[in-house]
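A.B. asks: So this note's numbering is basically just the index in the sequence shown, starting at one, shifted up by 1124.
Since the hints were derived computationally from the structure, they do not count as laboratory data. Just so you know, these numbers come straight off a predicted model, no measurement behind them.
The following label-pair restraints were derived from C-beta to C-beta distances:
#, residue 1, residue 2, range
1, E1135, C1225, 53 to 59 Å
2, L1211, T1243, 17 to 23 Å
3, V1209, S1158, 29 to 35 Å
4, N1240, V1205, 19 to 25 Å
5, T1243, V1142, 36 to 42 Å
6, C1210, P1139, 45 to 51 Å
7, T1243, C1212, 22 to 28 Å
Note that beta-carbon positions come from the ideal geometry of N, C-alpha and C, so glycine has one too.
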Amino acid sequence: MGLSSFPGAAEGVLPVLVMSTVLSVALLKSTVRSVLQLVVDHYEEELPEEYPRENARERRISITQFKSLNQNDGGARNSAVECCVCLCGFEDEEEVSELSCKHFFHRGCLDKWFDNIHTTCPLCRSNL
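Just need the whole structure built from these sequences, with the hints factored in.
C.D. replies: This is the structure in structure tokens:
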């Protein structure tokens, strides 16, 4: 008569409390991240011209032709090597860009990579 097989109200409180806490922390984290991004964007706009922001494209070592790059390397690189951005092979007369980490890519592919606000090597992800 007195025992029920249904859970009581107190048994369902803990999962609701945990989920509420997790959602509150996620919302707080998102809010703080948004506010910090607004502050950074505001101060970047006010950056004086005497302190220009470094463009990621300026961090490349060189732009050269693949043929000369292959010759300078003593022929160690062969024509089967491909650009990891577009997955196409290099031709002898194509312009390639070599990064400070010694990886090289088609010039146009690397320009698109940097246009998408990437600041790392597409292959090894080292900071440039």
